[in-house]
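Chains as they are written, first to last, in this note's numbering: chain A, 1 to 147; chain B, 1 to 147; chain C, 1 to 147; chain D, 1 to 147.
Hints listed in this document are in silico derivations from the structure and should not be mistaken for laboratory results.
By construction, the Cβ of each residue, glycine as well, lies at the ideal position given by its N, Cα and C atoms.
Don't take every hint at face value.
Distance condition first, Cα-Cα at most 25 angstroms in a straight line; then the derived BS3-like pairs of lysine-lysine [claimed, not checked]:
{"hint": "1", "chain 1": "A", "residue 1": "Lys121", "chain 2": "C", "residue 2": "Lys132"}
{"hint": "2", "chain 1": "D", "residue 1": "Lys68", "chain 2": "B", "residue 2": "Lys121"}
{"hint": "3", "chain 1": "C", "residue 1": "Lys68", "chain 2": "B", "residue 2": "Lys75"}
The following residues of chain B were derived to be distant from chain A, with all beta-carbon distances above 12 angstroms [said to hold, decoys possible]:
{"hint": "4", "residue": "Pro4"}
{"hint": "5", "residue": "Val23"}
{"hint": "6", "residue": "Val58"}
{"hint": "7", "residue": "Val59"}
{"hint": "8", "residue": "Lys121"}
{"hint": "9", "residue": "Leu125"}
{"hint": "10", "residue": "Ala130"}
Protein chains: 4
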Amino acid sequence: MSRPRISTFEQVMFFDTDCGGVVHNIAYLRFIETNRTHLAELLGMGLTEMAATHIFPVVVRTEVDYRKPARLADKLQVDGWLERIERLRFWVAFTITRPTDGTEILRCRQMLAVIRMPEGKPLRLPADWAGKYGQLQPIAPAGRGMR
Amino acid sequence: MSRPRISTFEQVMFFDTDCGGVVHNIAYLRFIETNRTHLAELLGMGLTEMAATHIFPVVVRTEVDYRKPARLADKLQVDGWLERIERLRFWVAFTITRPTDGTEILRCRQMLAVIRMPEGKPLRLPADWAGKYGQLQPIAPAGRGMR
Amino acid sequence: MSRPRISTFEQVMFFDTDCGGVVHNIAYLRFIETNRTHLAELLGMGLTEMAATHIFPVVVRTEVDYRKPARLADKLQVDGWLERIERLRFWVAFTITRPTDGTEILRCRQMLAVIRMPEGKPLRLPADWAGKYGQLQPIAPAGRGMR
Amino acid sequence: MSRPRISTFEQVMFFDTDCGGVVHNIAYLRFIETNRTHLAELLGMGLTEMAATHIFPVVVRTEVDYRKPARLADKLQVDGWLERIERLRFWVAFTITRPTDGTEILRCRQMLAVIRMPEGKPLRLPADWAGKYGQLQPIAPAGRGMR
Chain A
1 MSRPRISTFE QVMFFDTDCG GVVHNIAYLR FIETNRTHLA ELLGMGLTEM
51 AATHIFPVVV RTEVDYRKPA RLADKLQVDG WLERIERLRF WVAFTITRPT
101 DGTEILRCRQ MLAVIRMPEG KPLRLPADWA GKYGQLQPIA PAGRGMR
Chain B
1 MSRPRISTFE QVMFFDTDCG GVVHNIAYLR FIETNRTHLA ELLGMGLTEM
51 AATHIFPVVV RTEVDYRKPA RLADKLQVDG WLERIERLRF WVAFTITRPT
101 DGTEILRCRQ MLAVIRMPEG KPLRLPADWA GKYGQLQPIA PAGRGMR
Chain C
1 MSRPRISTFE QVMFFDTDCG GVVHNIAYLR FIETNRTHLA ELLGMGLTEM
51 AATHIFPVVV RTEVDYRKPA RLADKLQVDG WLERIERLRF WVAFTITRPT
101 DGTEILRCRQ MLAVIRMPEG KPLRLPADWA GKYGQLQPIA PAGRGMR
Chain D
1 MSRPRISTFE QVMFFDTDCG GVVHNIAYLR FIETNRTHLA ELLGMGLTEM
51 AATHIFPVVV RTEVDYRKPA RLADKLQVDG WLERIERLRF WVAFTITRPT
101 DGTEILRCRQ MLAVIRMPEG KPLRLPADWA GKYGQLQPIA PAGRGMR
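Chain A with its partners taken away, still in its complex shape (with noise of 0.2 angstroms):
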């Protein structure tokens, strides 16, 4: 069983820094938005097929540990992957490091639904998913223990 896992790659630009001269924290929300974005288009549910289905994953839970600031001009490495499925819910997993030093920026995890909007009614996961990823158990990012 292989676990879907993607890899984005962000420049920091002034807009992303605050003048504590650091990365602003609504910055790397929309670097793992982009990264969720292509994980969820390997799980199927592209930008394209949302736009003409108005079937979307919902972030419903986000937990963020921010432990080393990033700066203007740092090249960051996003990497997200499918944690593990529930029936109705799944749990995404994100880390945002500096590849240059080795230095991890962030960690996130995302719990999600898939509803149809406009009436936000939650849908069942799509049936092929608990065959495909049913046995994924959560893994801890290299080197340490994810709380």
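Chain A is fixed; fit chains B, C and D onto it per the hints.
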């Protein structure tokens, strides 16, 4: 003939600044959007009406002159007014000032059209505007000519 | 012992929504940041003081539960309060509600540390906090337990 | 004399759109900032140099013409180029297009000055620019005159 005009107020938050130590260009646009939303309400196009009718004023052109930087914790005043109307388009103008020291931070003019979504079809301006606003001429902000 | 607590108010603008028709996750974070900024001021860490001393509260962990979507033009109330303090860290909590129909939109908890920038050195919490806030226990938002 | 010019690419994410179903004005500004950052690097003012020297190009004036809306999942191309230089200021111009159907989404021109932060002191443009770029004339995007 009275000119529709409205003032809104903002305090600069961390997320409005960048690592240059000043307010980021993109944040000023948010301040102007908020003012314009309230100005549109004065003109009879409130958010609730728009959500119901899908008739929106859309920005066709923006001109911004950045004059002095604002900084963290600054309390800013945004003044917005209807500058003039044409048959299918109208111009609004804005200044952002820091009242504590009288500094003018920014000037902005926007040209808008009224469209029906999702077709994006441009509509004639409301019938009563010609009588109410047809004679309005552009005004200069206090003390200096607008380019 | 009185618990520092503050309410702030937001109206949902176009730039807060996305094409799913609801408020975007990132916008809620901005609303919470604004509330937390005023809460920090209540705790003696105002923006002006921070700009002068370079001593900032920084968010170390964020947990958000998205409960119901807010929509364009909604008037939202953000309530933020100090939940409890430790030696080097403190927890704040927030709810966002739509008072017109009593809907709870979101709950959020954040753990913060106090650091001196640009070194990022963590500082002990102010000496008088133990006496003023040492006995505070987390409270549940009205009606339901916080997970 | 070769004109500095760069293309960058964006895919429209949920957070770039609003509940009108189209990309929000503020998102386009982010796309342009990213392109301009890379264009500045071509001109010898990279983010890393700026972070070290505190010499930044700052935007003094922005003009944007919004032509057609972009939508969720659109893949957009941003083209940016140096338009012309003066003694203390220079103009850059941008188009955003959707290559899949050749639609021009937006045109933008920005006037910039070079300043040293935090004083905000304007500096003369680099000495070698007159020789390299002094003869550049504004160019029209393909097919239509720039207003």
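ask   = Among the hints numbered above, which are violated by the structure, and what are their numbers in rising order?
value = 1, 3 and 5
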